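Go ahead and model the full structure; you've got the sequences and the hints to work with.
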Amino acid sequence: MANLNVTYSDMTDAAGRLSSGKEELITKLTDLQTLVNNLVGSGFVTDSASGAFQTSYDAFTQGTTLAVNGIDGMSQFLTAAADALGNTDTELGNAIRG
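First residue of the sequence shown? That's 1 in this note's numbering, and the numbers climb one at a time after it.
No lab work stands behind these hints: they were computed from the structure. Computed from a prediction, not measured in an experiment: that's the story for all the values here. Each hint should be verified, as a subset may be incorrect.
Claimed, not checked - Each pair of labels, with its calculated beta carbon distance range:
id : residue 1 : residue 2 : range
1  : Leu35     : Glu91     : 50 to 56 Å
2  : Gly93     : Asn3      : 16 to 22 Å
3  : Gly73     : Gly98     : 37 to 43 Å
In this text, a Cβ means the ideal position worked out from N, Cα and C, and glycines have one as well.
What follows is the structure, given as structure tokens:
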């Protein structure tokens, strides 16, 4: 038989921290993309290499942004799981009381 030990506030706190961390990561990715855009616009301009670097960095940023956005699903899961487990516990308590 499986055991269960749940602290709802820990789960919802973690969900909030994941969401905040995601926003921080997106902000940092945007800042770094701007840095690279500015660099390729004026400090690293070549016939071939700078454009290739820009293309590669753009692809990196797009892929990383997609991955980071996946944190939303993790956060939403924790919130929903805490709510569902809390509700189930309440319902079981009410059922046993009659």
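Checked hints:
1. Leu35 <-> Glu91: 50 to 56 Å: holds, 53 Å
2. Gly93 <-> Asn3: 16 to 22 Å: holds, 18 Å
3. Gly73 <-> Gly98: 37 to 43 Å: holds, 39 Å
Every hint from the earlier list agrees with this structure, and none is contradicted.
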